[in-house]
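Enquirer: If you're matching them up, the sequences are chains W and Z in order. One rule links them: number in the working numbering = place in the first sequence (from 1) + 109. One rule links them: number in the working numbering = place in the second sequence (from 1) + 109.
Wrong hints could be hidden among the right ones.
Only pairs whose alpha carbons sit at most 30 Å apart, straight line, appear in this in silico DSSO-like list of lysine-lysine [said to hold, decoys possible]:
#1 Z:K191 <-> W:K134
#2 Z:K134 <-> W:K134
#3 W:K167 <-> W:K134
#4 Z:K167 <-> Z:K134
#5 W:K167 <-> Z:K191
Some chain W residues close to chain Z (C-beta under 7 Å, calculated; not the full set) [what the hints assert, rightly or not]:
#6 N138
#7 K219
#8 M221
#9 S222
#10 T226
#11 E228
#12 N229
#13 L235
#14 V238
#15 F241
#16 Y242
#17 Y283
#18 P286
#19 A287
Simulated restraints on C-beta separations [what the hints assert, rightly or not]:
#20 Z:L305 <-> W:R310: 41 to 47 Å
#21 Z:F291 <-> W:G295: 26 to 32 Å
#22 Z:D194 <-> W:G295: 31 to 37 Å
#23 W:A309 <-> Z:A258: 50 to 56 Å
#24 Z:V184 <-> W:R125: 48 to 54 Å
#25 W:F291 <-> Z:T126: 31 to 37 Å
Calculated directly from the structure, the hints in this document are not laboratory data. Values in this document were obtained by computation on a predicted structure and should not be read as measured data. We put the beta carbon where it would ideally sit given N, CA and C, even for glycine.
Number of protein chains: 2
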Amino acid sequence: MAKTAARKRLDPAERRTQILDEMLKLCANQHFASITMRQLAGACGVNIALLYHYFDNKDVLVHATLRHAIDDFLVAFDDLPKDADAPLGAADAWIAATIDAAPRLTRMVKLMSDFGTQENRDAEALAMVDEFYARERETLRQAILEGIADGRFRQVDAERTARLTSIAIDGVFYGGPARNDFDHGGNLRDIRDQLLEFLARPG
Amino acid sequence: MAKTAARKRLDPAERRTQILDEMLKLCANQHFASITMRQLAGACGVNIALLYHYFDNKDVLVHATLRHAIDDFLVAFDDLPKDADAPLGAADAWIAATIDAAPRLTRMVKLMSDFGTQENRDAEALAMVDEFYARERETLRQAILEGIADGRFRQVDAERTARLTSIAIDGVFYGGPARNDFDHGGNLRDIRDQLLEFLARPG
């Protein structure tokens, strides 16, 4: 009865979101290929037929999970107020969104990583991943270029600095579980502070 | 007959190394939990009984694979000549070893990551991983402290800078497959160059 009650409470959009959130959680500790529809149904407290009502097959579900995770982050970033006086401009909002969303991003990068290390590259998934990284790099690069144009930052290679900052952020998330270091907020703030020190004009 | 000939060629130490190398290769594209002893035997061109002659069970084998990968890197680093005039001292040798060993390190961090994201934390494996990172951070930290003591580098928080550099190196390896960016050499050289710029005294 509890299950039926739970099912009644959610409208289709909420149910879809719940399924994708549960799938993303399972992906944190398991390769998506080894997660069964039955297992996911159990985690959602629904029957397996309902999953197939929302997603034709597991392939569609896994791609929708990645899409959901990325969009969710990008929407959170877009919704964040952009403080014109923030030292890193929109990049400060990006880093703040990253800190806020750290638990979800940990799951998202695990899913990205599982797609990335697959023997057969999945073009559709990797295109979504590319879109995410392009947005991150571009946000960082623009913020650095604006600071240089304003004379607040010294002349640096903005493309390289943005790329290396994006790589360092990756190190926090992808490497955290192996390093047993889950202080994502602290590490991300340190990356930001060191970046600002790097960009500071001498004197 | 080919298999028999191959088996005769290797002495026990070589055979053990071959098995561990093949296992490490399989770990690059598969979670270690889903690799079967049969699959590994096939990859090595030996029969499954021989694997059990060297390793009592898969758990022992997987731990030996991680140990092998880490030791292999540390030996390569220790063997590398340390150029007293290198701007980053021993850390330059560390980064050079990392560039040289990039394909193997990609496999090693995938294995580390699979241990790190397991639901049940594996204390033995994580202790080996910790040992590797402690060595990396300490090598970087010492090199930075020496440069500060010599007056070549400005005063920075050596612990933080070493930790963030280690995290950025992680980003190159762990994040590479998802970002579809396999220019490990280029990215590592950029991290080194940016670090030296960060450490440079103004003027």
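Enquirer: All hints, please: hold or fail.
Expert: These are the hints, each one checked on the structure:
1. Z:K191 <-> W:K134: 46 Å, violated
2. Z:K134 <-> W:K134: It holds: about 28 Å lies between the C-alpha atoms, which stays within 30 Å.
3. W:K167 <-> W:K134: Distance ~15 Å between K167 (chain W) and K134 (chain W) Cα, so the pair holds.
4. Z:K167 <-> Z:K134: 16 Å, holds
5. W:K167 <-> Z:K191: Not satisfied, since the Cα-Cα distance of roughly 52 Å exceeds 30 Å.
6. N138: Result: holds, 4 Å to nearest chain Z Cβ.
7. K219: 6 Å, holds
8. M221: 4 Å, holds
9. S222: S222 (chain W) check passes; min Cβ-Cβ to chain Z is 5 Å, inside 7 Å.
10. T226: Holds, because the Cβ-Cβ distance from T226 (chain W) to chain Z comes to roughly 5 Å (cut-off 7 Å).
11. E228: Holds - the Cβ of E228 (chain W) comes within 7 Å of chain Z, reaching about 4 Å at its closest.
12. N229: 9 Å, violated
13. L235: Status holds, d = 6 Å.
14. V238: Where the cut-off is 7 Å and the nearest Cβ of chain Z is about 5 Å from V238 (chain W), the hint holds.
15. F241: Hint violated; F241 (chain W) Cβ to chain Z Cβ min 9 Å, cut 7 Å.
16. Y242: 6 Å, holds
17. Y283: This interface hint holds because 3 Å falls under the 7 Å limit.
18. P286: 3 Å, holds
19. A287: Holds, because the Cβ-Cβ distance from A287 (chain W) to chain Z comes to roughly 4 Å (cut-off 7 Å).
20. Z:L305 <-> W:R310: 41 to 47 Å: Cβ of L305 (chain Z) to Cβ of R310 (chain W): about 18 Å, so the range 41 to 47 Å is violated.
21. Z:F291 <-> W:G295: 26 to 32 Å: 30 Å, holds
22. Z:D194 <-> W:G295: 31 to 37 Å: Cβ of D194 (chain Z) to Cβ of G295 (chain W): about 35 Å, so the range 31 to 37 Å holds.
23. W:A309 <-> Z:A258: 50 to 56 Å: 23 Å, violated
24. Z:V184 <-> W:R125: 48 to 54 Å: 52 Å, holds
25. W:F291 <-> Z:T126: 31 to 37 Å: Given a distance of about 35 Å, which is inside 31 to 37 Å, the answer is holds.
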